[in-house]
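Undergrad: Here are the chains, one letter per residue:
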Amino acid sequence: MAAPDAPAAARPQLPPARPKGRPPRRKGNSAALLLIAPSIVFMTLLFGWPMVSGILQAFGGPQGLTTANFTRMAQDPYFWSSVGNTLLLIVVMIPIQFVLALAMALLIRAKPRGSSAYFYIWAIPLAVSDLAAGLVWLTVFTDRGYLNSLLASFGLDPVSWLAYDNYPSMFGAVLIAEVWRATSLVFVIVVAGLQSIPKDYEEAAGVFGANFWSRLWHVTLPLLRPSLQTALILRTILAFQTFAVALALTGQNFPLVVGETYRWYTGLQDPNVASALALVVMAVSMVTAVGYLKLLRDQSEAPR
Amino acid sequence: MADISIKGLHKTYPGSTELATNNVSLDVAEGEFMVLLGPSGCGKTTLLRMVAGLDFPDEGSISIGGRDVTYLPPQDRNLSMVFQSYAVFPHRMVRTNIAFGLVMKKVHREEIERKVRWAADLLQLSPYLDRYPAQLSGGQRQRVAVARAIVMDADVLLMDEPLSNLDALLRLDFRAELKKIVQQLGSTTLYVTHDQVEAMSLSDRVAVMKKGQIAQLGSPITVYEEPADRFVGGFIGSPPMNFLDGRITQQGALEIGGQGTAAPEFLARAAARTGGTPVMVGIRAENIALAERGSEGSLDAAVEVVEPLGHATLLTVDLGGQTIKVQVPSTVRVSSGDKVGLRFDPAALRFFDMETQLGLTA
Ligand SMILES: Nc1ncnc2c1ncn2[C@@H]1O[C@H](COP(=O)(O)OP(=O)(O)OP(=O)(O)O)[C@@H](O)[C@H]1O
Ligand SMILES: [Mg+2]
Chain A
1 MAAPDAPAAA RPQLPPARPK GRPPRRKGNS AALLLIAPSI VFMTLLFGWP
51 MVSGILQAFG GPQGLTTANF TRMAQDPYFW SSVGNTLLLI VVMIPIQFVL
101 ALAMALLIRA KPRGSSAYFY IWAIPLAVSD LAAGLVWLTV FTDRGYLNSL
151 LASFGLDPVS WLAYDNYPSM FGAVLIAEVW RATSLVFVIV VAGLQSIPKD
201 YEEAAGVFGA NFWSRLWHVT LPLLRPSLQT ALILRTILAF QTFAVALALT
251 GQNFPLVVGE TYRWYTGLQD PNVASALALV VMAVSMVTAV GYLKLLRDQS
301 EAPR
Chain B
1 MADISIKGLH KTYPGSTELA TNNVSLDVAE GEFMVLLGPS GCGKTTLLRM
51 VAGLDFPDEG SISIGGRDVT YLPPQDRNLS MVFQSYAVFP HRMVRTNIAF
101 GLVMKKVHRE EIERKVRWAA DLLQLSPYLD RYPAQLSGGQ RQRVAVARAI
151 VMDADVLLMD EPLSNLDALL RLDFRAELKK IVQQLGSTTL YVTHDQVEAM
201 SLSDRVAVMK KGQIAQLGSP ITVYEEPADR FVGGFIGSPP MNFLDGRITQ
251 QGALEIGGQG TAAPEFLARA AARTGGTPVM VGIRAENIAL AERGSEGSLD
301 AAVEVVEPLG HATLLTVDLG GQTIKVQVPS TVRVSSGDKV GLRFDPAALR
351 FFDMETQLGL TA
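Chains A and B are the protein sequences, given in the same order. Its first residue numbered 1, the first sequence is counted upward by one per residue in this note's numbering. Its first residue numbered 1, the second sequence is counted upward by one per residue in this note's numbering.
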């Protein structure tokens, strides 16, 4: 936060402004209330109420409040494998996505020919729904899909990429599809962040002897920190919710946590356990977001 | 070892039709302090950026120490630079900002510390070493940029208006300090400024630029006393040189506002051949003295405005319908409306061609 020699106490503490001719307070308050009323109503109806009822449902049972739903959830054989799969996916996918997005954004910043066209092309997956993306990649990886046709044309034997017993290739297929679908979000945020950094800093670094990698490490990345932080939080939370791509590609063979929520709700018709699962996802997402904010806090608090 | 040789540089920015630099050639000797002086937008920063390798010219070449660097990236040129916009890294403390170049060069840690302390002392930054740039004033930030450049011991030092944001007193201080430092370092220096006093006091040579071209290149005194054209005379000096419409008569006299004095011989000779020519006369305010009205060789004029400056008094004077500035000692007592005589120092008279505005010399 603050640098050591600028403690908060040293800053001028402005006394609360209190104009002599006091304006009628009541009126000011009611105007403020009136102004935030729409968003309060909106938040209560669309956010607060579903959340409260979700929490109640998660702890709900035939004899009042209980934690039995969580026990059932944890005892389900698919639960722990879905947690493992989700974590593995996040740990492998997010670094790949950030490296790719950063590389693409830096490429666009270098302004090669047709760089604006690249931007739109790379941003397209942003508009593709995850189920559609899953189906597209299914046509590639399925047993008689494009990939096996390609192999056949080289005289190679087809591979059952999405088979239950071929975990690495199944994971790979989900990973590729998710990377393809969701990298553009990171990309768009990083491009916006890069555009707000004046070129001077990189130029100065170059003059003082920094090569491309040093410039990236010592100048561009630190200045890009706020954007990276935003992208990381968004992307991680969304990654916890990965679901439709895996469902389209593998059905139940590659369970993910949110997929389990779906299965409990529709397949097993148990909304209470489904809510318990959803609650776990929410809690983990919140903890992650706070963790990132703490971890990546900007020490310089320097405005650019 | 590190002379700069610039040959025929042309540069047009993309999306612009005007030449930002137009056929600029300039040789800076090793260890020389060269000042680029010119009005805003004349291409000074552009020229500096090409020497630094931040922009590449459309045509022409740059070599440093005999090595062609025209298209070399900046990090391979062994130079350091003070940016007009400072470009002090906002995410690094003053200390690590100053040390940046040395860290990149992998200089030994203790050596870095020693140099940072030296530069911070010199630029009065020691109390701020552990602050971030956002916690500094504009002038302090600018000094960080200067400190970061001088610790480098680079062959070539490029400075783009490094003192522009300092108050008058500090600027006076640092001007002298900078001159000393650069002499110690022995770097070949290209220094951009708007401020002609700074240019005069610091430089070994001055290059006056105008619309992307070098209008005159020479020692500060030459540029001041013998401007190559009307632009240079009018740009350098405070107040700038006076310009008067005059005429050399066939008899060899210089006629200004209907009154005559002696003309220099080389112009008189030419005028005798052509039967008199119009000429533009340039003279600096301090080369005009007040004289007894009607005395031999003096021109009649009327004082319009009197501005006491402390060390001298500046008069605005009407001379046969043309307004000029005259600088007289502060002991002279005149008031507006006075009728006076003016005596021009004949050795300080400069003549310019009416058409081309170029200086006329023997
Ligand atoms: N990036 C750019 N793109 C297009 N035109 C530019 C660019 N940078 C500068 N110019 C133009 O090139 C000309 C020279 O600019 P330059 O920055 O070299 O001026 P300068 O002499 O440094 O001026 P100042 O003293 O105000 O800093 C100007 O007409 C300017 O408008
Ligand atoms: Mg400039």
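Derived by calculation from the structure, the hints in this document are not laboratory data. By construction, the Cβ of each residue, glycine as well, lies at the ideal position given by its N, Cα and C atoms. A few of these clues could be false.
[What the hints assert, rightly or not] Looking from chain B toward chain A, a few residues come up when the C-beta cut is under 10 Å (computed): (1) L26; (2) G65; (3) G66; (4) R67; (5) N78; (6) M81; (7) Y86; (8) R114; (9) R117; (10) A149; (11) L158; (12) L217.
[To be verified] Okay, derived cross-link-like pairs now, EDC-like style, lysine to aspartate or glutamate, Cα gap no bigger than 20 Å in a straight line: (13) K325/B / E265/B; (14) K210/B / D27/B; (15) K211/B / D173/B; (16) K199/A / D55/B; (17) K325/B / E225/B; (18) K325/B / E226/B; (19) K325/B / D338/B; (20) K111/A / D58/B; (21) K325/B / E355/B; (22) K199/A / E161/B; (23) K199/A / D76/B; (24) K211/B / D318/B; (25) K111/A / D55/B; (26) K325/B / D300/B; (27) K339/B / E355/B.
Undergrad: Now, for every hint given, state plainly whether the structure supports it.
TA: Cross-check of the supplied hints:
1. Below 10 Å, beta-carbon pairs count as interface contacts, and L26/B has none with chain A, the closest being about 20 Å; its hint is therefore violated.
2. A hinted interface residue such as G65/B counts as satisfied when its beta carbon comes closer than 10 Å to some beta carbon of chain A; here the least separation is about 17 Å, so the hint is violated.
3. With its C-beta approaching chain A no nearer than about 21 Å, G66/B sits outside the 10 Å limit, and its interface hint is violated.
4. With a cut of 10 Å, the hint placing R67/B at the interface with chain A is violated, because the nearest CB-to-CB distance is about 16 Å.
5. At about 8 Å, the closest approach between the beta carbon of N78/B and any beta carbon in chain A falls short of 10 Å, and the interface hint on this residue holds.
6. With a cut of 10 Å, the hint placing M81/B at the interface with chain A holds, because the nearest CB-to-CB distance is about 5 Å.
7. A least Cβ separation of about 8 Å between Y86/B and chain A falls short of the 10 Å threshold, and the interface hint therefore holds.
8. A cut of 10 Å between beta carbons decides the hint on R114/B: the least distance to chain A is about 18 Å, and the hint is violated.
9. For R117/B, the shortest C-beta to C-beta distance to chain A is roughly 17 Å, which exceeds 10 Å, and the interface hint is violated.
10. Look at A149/B: its Cβ gets to within about 8 Å of chain A, closer than 10 Å, so that hint holds up.
11. With its C-beta approaching chain A no nearer than about 8 Å, L158/B sits inside the 10 Å limit, and its interface hint holds.
12. Taking 10 Å as the C-beta cut-off, the interface hint given for L217/B is violated, the closest approach to chain A being about 25 Å.
13. For the hint linking K325/B to E265/B, the alpha-carbon distance of about 26 Å lies beyond 20 Å, and the restraint is violated.
14. With a CA separation close to 18 Å, the supplied pair K210/B and D27/B stays within the 20 Å bound.
15. Of the pairs offered as hints, the one joining K211/B and D173/B is violated, with about 32 Å between alpha carbons and a cut-off of 20 Å exceeded.
16. The hinted pair formed by K199/A and D55/B meets the criterion: a straight-line CA distance of about 12 Å does not exceed 20 Å.
17. Of the pairs offered as hints, the one joining K325/B and E225/B holds, with about 16 Å between alpha carbons and a cut-off of 20 Å not exceeded.
18. For the hint pairing K325/B with E226/B, the CA-to-CA distance comes to about 18 Å; that is within 20 Å, so the pair holds.
19. For the suggested pair K325/B and D338/B, the alpha carbons sit about 15 Å apart, so the restraint of at most 20 Å is met.
20. Note on K111/A and D58/B: the hinted pairing holds, with a Cα-Cα distance of about 18 Å set against a maximum of 20 Å.
21. Proximity of K325/B to E355/B is assessed by CA-CA distance (about 24 Å); at most 20 Å being required, the pair is judged violated.
22. A C-alpha spacing of about 19 Å is found between K199/A and E161/B, which places the hinted pair at or below 20 Å, so the restraint holds.
23. For the hint linking K199/A to D76/B, the alpha-carbon distance of about 19 Å falls within 20 Å, and the restraint holds.
24. Distance restraint check for K211/B and D318/B: the Cα-Cα separation of roughly 32 Å exceeds the 20 Å cut-off, and the hinted pair is therefore not satisfied.
25. With a C-alpha separation of about 15 Å, the suggested pairing of K111/A with D55/B holds against the 20 Å cut-off.
26. Among the hinted pairs, K325/B with D300/B is consistent with the structure: their alpha-carbon atoms are about 14 Å apart, no more than 20 Å.
27. Taking the CA atoms of K339/B and E355/B, the gap is near 33 Å; set against the 20 Å cutoff, the hint is violated.
Hints 1, 2, 3, 4, 8, 9, 12, 13, 15, 21, 24, 27, counting from the list given before, are not met by this structure.
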